[in-house]
Amino acid sequence: MATTHETTSHEEFKKHLGKYYVVFVALLCLTAITVGVSYLHLNRPLAITVALIIACVKAGMVAAVFMHLLDERKVIYAVLILTVAFFFLVLFLPMFTIVEGSTV
Amino acid sequence: MAEASPYAADALIPHTVEPHPVTGIPNGKLGIWLFLASEVMLFGALFSSYVVIRTTAAHWPPEGGLSSEILNVPLATVNTAVLITSSITMVLSWASLKMQNVPRFRLWLGATIALAFVFLVIKYFEYTHKFEQGHFPSHDNFYAIYFTLTGLHGVHVIGGIIVNTFLLTAGSRMWATEPERFTNRIENAGLYWHFVDLVWIFLFPSLYLL
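From first to last, the protein sequence lines stand for chains D and L.
Per my numbering, the first sequence runs over residues 420 to 523.
Per my numbering, the second sequence runs over residues 1187 to 1396.
Don't read these hints as lab results, they were simulated from the structure.
Here a beta-carbon is modelled for each residue, glycine too, at the ideal position from N, C-alpha and C.
Keep in mind that the hints are not guaranteed to be accurate.
In the DSBU-like style, the derived pairs of lysine-lysine whose C-alpha atoms are separated by at most 30 Å in a straight line are [as the list claims (entries may be wrong)]: (1) 1284/L x 438/D; (2) 493/D x 434/D; (3) 1284/L x 433/D; (4) 493/D x 433/D; (5) 1284/L x 493/D; (6) 1284/L x 434/D.
Negatives, chain L to chain D, calculated, CB over 10 Å [to be verified]: (7) 1211; (8) 1258; (9) 1273; (10) 1281; (11) 1284; (12) 1293; (13) 1296; (14) 1310; (15) 1315; (16) 1337; (17) 1341; (18) 1342; (19) 1355; (20) 1357; (21) 1383.
Pulled out of the complex, with its shape left as it was, chain L reads as follows (with noise of 0.2 Å):
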């Protein structure tokens, strides 16, 4: 890639490493900070939907009982800390290619991956019990809330996944020409990571316990 053609040059971003003169902070921080604050206009929204909804019903659930009582709050608890670990083996990730220890970091980020898994057949097996019941997103406004919010989350999830997957493996080639770049994009991931661990921390006792 380093001797590829003239026109090569024109083609990179620049300040991948450097921080920019007037940001003070790398071209990718600055995006991935852009784009997470896109992210929580994203959740924000339907936040504000699920305020709009719960607050003018009658009750809530509209079936009647308690959040805690319909949903598993057992799993849900799980899950929470599922993703709580996943945050710091991410981070762990980042501080140990900032130590230079790649196997260390590989083992890391491959917890992080593995752990994202853990919570996704966790919701999977929320999900299928709560179709089992024939309670789908058309059941109610509590099952349609529950279900476009957790599935939004689980969708950025899934995002993760493949971002941290190929981090750990064809992407990590980078590693060995641009070690400082390498770094820097594993902390963006790690920022995007711990961005949806965030979501999690508030829909959690949302949607499962009030």
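In isolation and in its complexed conformation, chain D is listed as follows (with noise of 0.2 Å):
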């Protein structure tokens, strides 16, 4: 508490640019084991499973440290709270309307 307010920035962007680059060899490797897994052939629903997992993972390390959301503004949150719930809306409610069997 006794630094001044120059040296506290600086360290805390020292701390930042360490995350930044965790982040960025962890996107790397769960690149690399995401085309690793899809060569080993699962059946497709755990393939997809699998995928989406990694993807979910990255996206969300991507938006939590890039994108600062992990110290970010109630009202981001309350924005992007809202954004979640149309986007589950667009992608669930066509699923309602497919008919065992049709196809497109």
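Join these two chains into a complex; the hints should help.
This is the structure we're talking about:
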């Protein structure tokens, strides 16, 4: 607490920079894992589940760290909660119209 | 610009730097997040279409085989790495400005733009290879949704290049007069750029691998 404002912000930034590199390496590793898993030729439901979980983890890291969502204001969270809700509505609404065995 | 007409003050949009008392953030940041929310719905609607087309198809891809055999997975993997790298260079350019290091900022933002071009060049090779084989969007539902989603994403990459190039060149003059406001602009451009990366994170496995 005794440090000046300037040194605190610089130290904070060094921590931030470290986080960015960690996320960067993690994203590259997860990309390699996704591609690697695809060569295992798992059955489709399992393959889709694994790929989507990895994609969600990657997206979460980008949003949380690169887009600074970890320490963001409430108003942004409010916007995002609404967006996510409508996204899932758009995603799943057409599902109810799909009749078993029908083709487009 | 500062000593413009007496009406200039009326035209100013307030809260470009200091947080708005109601939202707690500068207006630009709220604006870019609302824009990204609309982008989520744009891509969301197309992604939803993809899910419907795919789940109702007798076989996916319709012409048989696997997506990973039809599309070029190694090239797309390289492109994923390119876009992820451009995300960290973008955030580093913003961090450089926060630390008052303008030469570093220019270096990282320049790298971001260069990587965006690399992404587009690789995409160009993928597209032309498909066209040479006579595979256009009209070929079947697989190519229709592939070209629509990756095409729309490509347009967003081009948009990012335009904005970032402006901020690297003529737009960077703002640093001399309003450094904080300029730093916020870079942050907002970064939010958009990370979103473009985020979309690709979902498109890559969905279209190429599954």
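Going down the list of hints, with the structure as the test:
1. 1284/L x 438/D: holds (16 Å)
2. 493/D x 434/D: holds (23 Å)
3. 1284/L x 433/D: Given pair residue 1284/L, residue 433/D holds - Cα atoms ~11 Å apart, limit 30 Å.
4. 493/D x 433/D: Status holds; Cα separation ~26 Å.
5. 1284/L x 493/D: holds (23 Å)
6. 1284/L x 434/D: The hint holds at about 14 Å.
7. 1211: violated (5 Å)
8. 1258: Holds: least Cβ distance 12 Å, greater than 10 Å.
9. 1273: The claim is violated: residue 1273/L sits with its nearest Cβ about 6 Å from chain D, within 10 Å.
10. 1281: It is violated; residue 1281/L is separated from chain D by about 6 Å at its closest Cβ, not greater than 10 Å.
11. 1284: violated (6 Å)
12. 1293: holds (15 Å)
13. 1296: Residue 1296/L is indeed farther than 10 Å from all Cβ atoms of chain D, at 18 Å.
14. 1310: holds (21 Å)
15. 1315: holds (19 Å)
16. 1337: holds (20 Å)
17. 1341: holds (20 Å)
18. 1342: Consistent with the label, residue 1342/L stays out of reach of chain D, its closest Cβ about 15 Å off (over 10 Å).
19. 1355: holds (24 Å)
20. 1357: holds (21 Å)
21. 1383: Check fails; 6 Å does not lie beyond 10 Å.
Of the numbered hints stated above, those contradicted by the structure are hints 7, 9, 10, 11 and 21, listed in ascending order.
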